[in-house]
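Here is how the chains run, residue by residue.
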Amino acid sequence: MYNASDLRKGLKIMIDGDPYIINEFEFNKPGKGQAHYRCKMRNLTTGNSAERTYRSGDKFEPAPLEERTMQFLYSQGSEFHFMDTKDFEQIVLDAGHLGDNAHFLVDNMEVEVLFFKGQPMDVTLPIFVNLTVTQADPWAKGDTSGTDTKPVTVETGYILQVPPFVSEGDRIQIDTRTGTYVTRVK
Amino acid sequence: MGKSSLLWRRAAVIQAVRRFFQEHAYLEVDTPVRLPCLIPEACIEPEEASGWYLQTSPEICMKRLLSAGIPRLFQICKCFRRHERGARHLPEFTMLEWYRSEADYTDLMTECEALFAFLAEAQDQREVVVGEGRVGLAAPWERLTVAEAFSRFAPIPLAEAMAQGLFDEIFIQHVEPRLGWERPCLLHDYPAAMGALARLRADNLEVAERFELYVGGLELANGFSELTDADEQRARLLADQATIRTQGREPGPMPERFLTDLANLPRSAGIALGLDRLVMLFTGAQSIDRVVAFTPDSL
Numbered sequence: 001m002y003n004a005s006d007l008r009k010g011l012k013i014m015i016d017g018d019p020y021i022i023n024e025f026e027f028n029k030p031g032k033g034q035a036h037y038r039c040k041m042r043n044l045t046t047g048n049s050a051e052r053t054y055r056s057g058d059k060f061e062p063a064p065l066e067e068r069t070m071q072f073l074y075s076q077g078s079e080f081h082f083m084d085t086k087d088f089e090q091i092v093l094d095a096g097h098l099g100d101n102a103h104f105l106v107d108n109m110e111v112e113v114l115f116f117k118g119q120p121m122d123v124t125l126p127i128f129v130n131l132t133v134t135q136a137d138p139w140a141k142g143d144t145s146g147t148d149t150k151p152v153t154v155e156t157g158y159i160l161q162v163p164p165f166v167s168e169g170d171r172i173q174i175d176t177r178t179g180t181y182v183t184r185v186k
Numbered sequence: 001m002g003k004s005s006l007l008w009r010r011a012a013v014i015q016a017v018r019r020f021f022q023e024h025a026y027l028e029v030d031t032p033v034r035l036p037c038l039i040p041e042a043c044i045e046p047e048e049a050s051g052w053y054l055q056t057s058p059e060i061c062m063k064r065l066l067s068a069g070i071p072r073l074f075q076i077c078k079c080f081r082r083h084e085r086g087a088r089h090l091p092e093f094t095m096l097e098w099y100r101s102e103a104d105y106t107d108l109m110t111e112c113e114a115l116f117a118f119l120a121e122a123q124d125q126r127e128v129v130v131g132e133g134r135v136g137l138a139a140p141w142e143r144l145t146v147a148e149a150f151s152r153f154a155p156i157p158l159a160e161a162m163a164q165g166l167f168d169e170i171f172i173q174h175v176e177p178r179l180g181w182e183r184p185c186l187l188h189d190y191p192a193a194m195g196a197l198a199r200l201r202a203d204n205l206e207v208a209e210r211f212e213l214y215v216g217g218l219e220l221a222n223g224f225s226e227l228t229d230a231d232e233q234r235a236r237l238l239a240d241q242a243t244i245r246t247q248g249r250e251p252g253p254m255p256e257r258f259l260t261d262l263a264n265l266p267r268s269a270g271i272a273l274g275l276d277r278l279v280m281l282f283t284g285a286q287s288i289d290r291v292v293a294f295t296p297d298s299l
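Order-wise, the sequence lines are chains U and S. Its first residue numbered 1, the first sequence is counted upward by one per residue in this note's numbering. Its first residue numbered 1, the second sequence is counted upward by one per residue in this note's numbering.
Chain U on its own, in the form it takes in the complex (with noise of 0.2 angstroms):
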């Protein structure tokens, strides 16, 4: 059982017979108030995204998801192919049900696919991958904009801010939890 004071990006809860993951989380609390937790969250089943508030001293079930380790081997269109490294089973998981975690997919890579009542629905990535930047703009010397960061693209074709000494070709390290930059990686 979780208290609302669990709450947090990538918790998985059961709401109304439904397993959720939570994608965003604010926490609000006047002073003298009562704690307020507004989640934005998405139905694992149908891929269908919700908004709720919860108070402290809500109660949740945790969400019973099972988990396989499986290989990603390819995407076409919206579909993605996993197979299972022991039994050589495939699944195909389409972009709805893995949300931001398709940004960080590439071939080969070994991530946990989550399964409720038998029927896959999400993936859990590792924390940190490495992906190869295919595009960016050379950093202007002498820019006084004052900025420190530029975009960048990466072979996902996942766009995220970096230091400006970033250059194509490049492999760069993120964390999927937050799907920022770490750092650069030889």
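Hints may contain errors.
One-sided and incomplete, this derived list gives chain S residues near chain U with beta-carbon spacing under 7 angstroms [claimed, not checked]:
| no. | residue |
| --- | --- |
| 1 | His89 |
| 2 | Ile172 |
| 3 | Ala196 |
In the DMTMM-like style, the derived pairs of lysine to aspartate or glutamate whose C-alpha atoms are separated by at most 20 angstroms in a straight line are [as the list claims (entries may be wrong)]:
| no. | chain 1 | residue 1 | chain 2 | residue 2 |
| --- | --- | --- | --- | --- |
| 4 | U | Lys117 | U | Asp16 |
| 5 | S | Lys78 | S | Glu92 |
| 6 | U | Lys32 | U | Asp58 |
| 7 | S | Lys78 | S | Asp289 |
| 8 | U | Lys32 | S | Glu250 |
| 9 | U | Lys186 | U | Asp170 |
| 10 | U | Lys9 | S | Asp297 |
| 11 | S | Lys3 | S | Glu92 |
| 12 | U | Lys59 | U | Asp16 |
| 13 | U | Lys9 | U | Glu112 |
| 14 | S | Lys78 | S | Asp297 |
| 15 | U | Lys32 | S | Glu206 |
| 16 | U | Lys40 | S | Glu169 |
| 17 | U | Lys59 | S | Glu169 |
| 18 | U | Lys32 | S | Glu169 |
| 19 | U | Lys9 | U | Glu61 |
| 20 | U | Lys40 | U | Asp100 |
| 21 | U | Lys32 | S | Glu92 |
| 22 | S | Lys3 | U | Asp148 |
| 23 | U | Lys59 | S | Glu45 |
| 24 | U | Lys40 | U | Glu51 |
| 25 | U | Lys9 | U | Asp58 |
| 26 | U | Lys32 | S | Glu45 |
| 27 | U | Lys9 | U | Asp100 |
| 28 | U | Lys32 | S | Asp240 |
| 29 | U | Lys117 | U | Glu66 |
| 30 | U | Lys150 | U | Asp170 |
| 31 | U | Lys186 | U | Asp175 |
| 32 | U | Lys32 | S | Glu47 |
| 33 | U | Lys9 | S | Asp289 |
What the hints contain is simulated information worked out from the structure, not anything from laboratory work. Every residue gets a Cβ at the ideal spot worked out from N, C-alpha and C, and that includes glycine.
For this one, chain U is given, so just place chain S on it according to the hints.
Structure of chain S alone, referenced to chain U:
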């Protein structure tokens, strides 16, 4: 702004705050952070520390000093509140708290204007940036009663929100985000039930002499005309202890020495201001994480 510039700005704000209170004849104190008992509060959960508690605010010790005859005092200290974590909350944060005898909450409202004028001068900054907006700091600020704020911004009047137990919910969703955008807003005269440690208005027992300061929807400070009636205070604390028990929590012991000293508390007013949030305002930082050296997650 990088972390190092933000920490320089933070230090500058804190140093200016100290100068303001020194120039206004306030004694700076530093009282113990770990205490055997706290003021029981229904919506604030303290951190236990070897059988005692880490303070959720320094009010017990500061009011005892006020009772002992120090007429003006201020403190900048760490406070701890369990589970409070968000873009504007840290479970360990820095509080600026000050008390003044022979004063009431309207004097403190005026003093808040003076403090901000002093800081604006020291920082050479007449307005602050909050999200997409800019708020000028010049006095006079807007003074709005809680009832007026509800009739202006909320879908139902204050009395109805109170009757349905929806005050906080409606306040957070409809009222708070709209306070203090044209100029800072002093929201005052809370329903008596939300008086906490504030005196009730002599001319209207329905409301307590309590106010909060909002700038660009950000709650910065909470002030009271201090309640000096020990019996009334004990009754309110007992009610809060009962509420805490209904939440399945165990309230700590009653702050007996504080209640005893209350008999000597002069007519006075006190206010607590979130210093990290003050730094957020003067730096335009959108998250409290930006204005502290470390967050719990980075330790």
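In rising order, the numbers of the hints this structure does not comply with: none
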